[in-house]
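Given the structure of chain A, go ahead and fit chain B with the ligand onto it with the hints provided.
Next come the chains, spelled out residue by residue.
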Amino acid sequence: MNQDIFVLVEHLRGQVADITYVALAQAQSLAVETGGKVIAVLFGGNAVELSKNLAADMVLHVESPVLAEYTCDAYASALTGLIKEKSPRAVLMGDTTMGAEVAGVLSARLGMPLISNCVSIKGGKFSAKICGGKMMVEGELPAEPVLVAMVPGGFRVEQGQAAKAPEIKTSPVPDLSGVRVAFKQYVEPEGGDIDITTQKILVGVGRGLQNGDNLELAEELAEALGGAVCASRPVVDQGWLPTTRLVGKSGKAIKPKLYLALGISGAPEHTETITGSEMIIAVNTDPAAPIFDLAKYGAEVDMLDLMPALSEAVRKAKGG
Amino acid sequence: MKIVVPVQLVPDLVEELVVDKSGKALDLDTVRWIISEPDDHAIEQAILMKEKSGGEVIILAPDFEGVDDVLFAAAAKGADRLVKITGDFESGLNAHALARALQPLVKDMNPDLVLTGVQTHNGLDGPIGALLAEYLQMPYIGYVSGVSVQGNKALISKDYPGGLKAEMEVSLPAVLGVSSAESAPRYVPISKIRMVMKTSKVEEQDAGDLDLSGAAVVTRMSPPESAERATMITGKVDDVAAKIVAIIQEQGLL
Ligand SMILES: Cc1cc2nc3c(=O)[nH]c(=O)nc-3n(C[C@H](O)[C@H](O)[C@H](O)COP(=O)(O)OP(=O)(O)OC[C@H]3O[C@@H](n4cnc5c(N)ncnc54)[C@H](O)[C@@H]3O)c2cc1C
Chain A
18 MNQDIFVLVE HLRGQVADIT YVALAQAQSL AVETGGKVIA VLFGGNAVEL
68 SKNLAADMVL HVESPVLAEY TCDAYASALT GLIKEKSPRA VLMGDTTMGA
118 EVAGVLSARL GMPLISNCVS IKGGKFSAKI CGGKMMVEGE LPAEPVLVAM
168 VPGGFRVEQG QAAKAPEIKT SPVPDLSGVR VAFKQYVEPE GGDIDITTQK
218 ILVGVGRGLQ NGDNLELAEE LAEALGGAVC ASRPVVDQGW LPTTRLVGKS
268 GKAIKPKLYL ALGISGAPEH TETITGSEMI IAVNTDPAAP IFDLAKYGAE
318 VDMLDLMPAL SEAVRKAKGG
Chain B
117 MKIVVPVQLV PDLVEELVVD KSGKALDLDT VRWIISEPDD HAIEQAILMK
167 EKSGGEVIIL APDFEGVDDV LFAAAAKGAD RLVKITGDFE SGLNAHALAR
217 ALQPLVKDMN PDLVLTGVQT HNGLDGPIGA LLAEYLQMPY IGYVSGVSVQ
267 GNKALISKDY PGGLKAEMEV SLPAVLGVSS AESAPRYVPI SKIRMVMKTS
317 KVEEQDAGDL DLSGAAVVTR MSPPESAERA TMITGKVDDV AAKIVAIIQE
367 QGLL
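If you read the sequences in order, they're chains A and B. For the first sequence, the numbering used here assigns the number 18 to the initial residue and increments by one for each residue that follows. For the second sequence, the numbering used here assigns the number 117 to the initial residue and increments by one for each residue that follows.
For reference, chain A alone in the conformation it holds in the complex (with noise of 0.2 Å):
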């Protein structure tokens, strides 16, 4: 094992991921501990462009016609070779859709621990969020090559880019023949609705709403607002909202003036994205829930009792 810290850098359609930034920023920081390089690990793509501000001491490359497009099979299979001939200390990557899955089948086939859910590691200690946001747990970084899957918390995007571009080297095709997964093609999502990352003023409703039928106090909160109706995850699941109102990691990022989470516990795949708010004002029975943890101002009200008595309130004020 040599003391060099590998990031795998995750891109979609010609972007870098946020994830893939923090995780640099982490490597960065556990590179001063070990007195290693931070070493990025890029598989198809254009090198150049999607290279040019990583903080990293260099990038490794590796262009096939199988890497073009993600799948977890040809990545994992790419990175077992570079993993194998280089045996980095670590190596990080984002706990998402990509990351995730490659993380977990090279810890069983390397045989490599794995940390997932990891926010952050100092001192040679780990600390990772779980439960919906609701624990944290520490432990000892193990002391042998180690396999991390972080998610956002610890490190803010800037500090894992750099304004000088690191230098790429290109690594050798591996033997991607025994890839059993093909890319096809992307489905874009749904248009035509309202655009929730536009909006200034947006209300959040999460499995606390109970019923779809409910969903109309939130639309007449949000109209006497002038803004929009946006959700959780298990909203959208059950349909009564579509995929293009879904906030968080597998929907959109906003950035509202004003986000009024109702019945929305504040689980990490939702709050991630929701930090852009410039405020958030949450509403839920649950004084413990993790979105009290990010709020500027809560209440432990029913959110079916509020949403009707804050309508007439704010129509009142505005002398309608």
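Among the clues, some could well be false.
Claimed, not checked - Once the Cα atoms are required to be at most 27 Å apart in a straight line, the calculated DSS-like pairs of lysine-lysine come out as: (1) A/201 - B/118; (2) A/333 - B/359; (3) B/314 - B/118; (4) A/274 - B/352; (5) A/69 - A/181; (6) A/335 - B/359; (7) B/200 - B/223; (8) A/274 - B/359; (9) A/101 - A/142; (10) A/201 - B/281; (11) B/166 - B/118; (12) A/217 - A/274; (13) A/201 - B/269; (14) A/101 - A/139; (15) B/137 - A/142; (16) A/142 - B/140; (17) B/352 - A/335; (18) A/201 - B/166.
Hint data in this document are derived by calculation from the structure and do not stem from the laboratory.
Leaving out everything else, chain B with the ligand in the frame of chain A:
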């Protein structure tokens, strides 16, 4: 088409979570175990596929308190076989150990497809589906929200952020980590579950000695210390509404 669905129980986050005396784990006496939500979607997806093209659905779950309810609920939805994995899980079970325990059982079943939830909220050592796939030498795709089988291949819809999806083709057998079924998990009335309990049988398989390696050791567990917690607005609903309006006005948004 034989579909095997390994599922897990996780702490219900609606209940208060209490750290035990060791300071390293949840106090199990206070935990209410429920099916992990993505696993519920995996069951639904399996049942939808069976309804469409026939086949057999086998549910596997480790023996946690409440596991019988989870298994019988799956049977009431249409699952054909229920398997409880027994073992000493009190002192800790992790994704690696469970995947290793599942591997020989699933292999013996000779499935065309393994569907499982893409993640559990309390997991610290990766998704079970990815681990199991590798132990079974099968390909893995996670964050799946649609599956259609064509011969010995399946066309998979994989979720990316922002509602974007990718279509991927995978050769079978394969393991898929489901994040959402093609339609929301169906509700089954208790009366139907009770009826199923009388006719369904739960098979038992022993997990053997657990091999927990592959996960980091936890030395401390605690609720997050937040730098700033929300300022709470108190009072009756109408007071709360009035105070929220005042805050919004202060922000110049009304
Ligand atoms: C792969 C993956 C991707 C995901 N992506 C996303 C995503 O993009 N976006 C997302 O939101 N989630 C996502 N999730 C799901 C996420 O993990 C949580 O399960 C989800 O965010 C919880 O939604 P919720 O807060 O509405 O529901 P819950 O966590 O069930 O919370 C409901 C809350 O409502 C409160 N409540 C209940 N009744 C009332 C009432 N009458 N008045 C006021 N409060 C009430 C409860 O106290 C509770 O806090 C994803 C999960 C996975 C596995």
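Hints, one by one, checked against the model:
1. A/201 - B/118: The given pair, whose Cα atoms are some 25 Å apart, holds under the 27 Å limit.
2. A/333 - B/359: holds, 13 Å
3. B/314 - B/118: With Cα atoms ~24 Å apart, residue 314 of chain B and residue 118 of chain B stay inside 27 Å; holds.
4. A/274 - B/352: holds, 26 Å
5. A/69 - A/181: holds, 7 Å
6. A/335 - B/359: Holds, at roughly 15 Å.
7. B/200 - B/223: holds, 16 Å
8. A/274 - B/359: holds, 18 Å
9. A/101 - A/142: Roughly 25 Å between the alpha carbons, so the hint for residue 101 of chain A and residue 142 of chain A holds.
10. A/201 - B/281: Holds, because 11 Å separates the two Cα atoms, which is no more than 27 Å.
11. B/166 - B/118: At roughly 9 Å apart (the allowed maximum being 27 Å), residue 118 of chain B and residue 166 of chain B satisfy the hint.
12. A/217 - A/274: holds, 5 Å
13. A/201 - B/269: holds, 13 Å
14. A/101 - A/139: Given pair residue 101 of chain A, residue 139 of chain A holds - Cα atoms ~26 Å apart, limit 27 Å.
15. B/137 - A/142: holds, 21 Å
16. A/142 - B/140: holds, 14 Å
17. B/352 - A/335: Holds. Residue 352 of chain B to residue 335 of chain A sits at ~22 Å (cutoff 27 Å).
18. A/201 - B/166: Holds: residue 201 of chain A and residue 166 of chain B sit about 25 Å apart, inside 27 Å.
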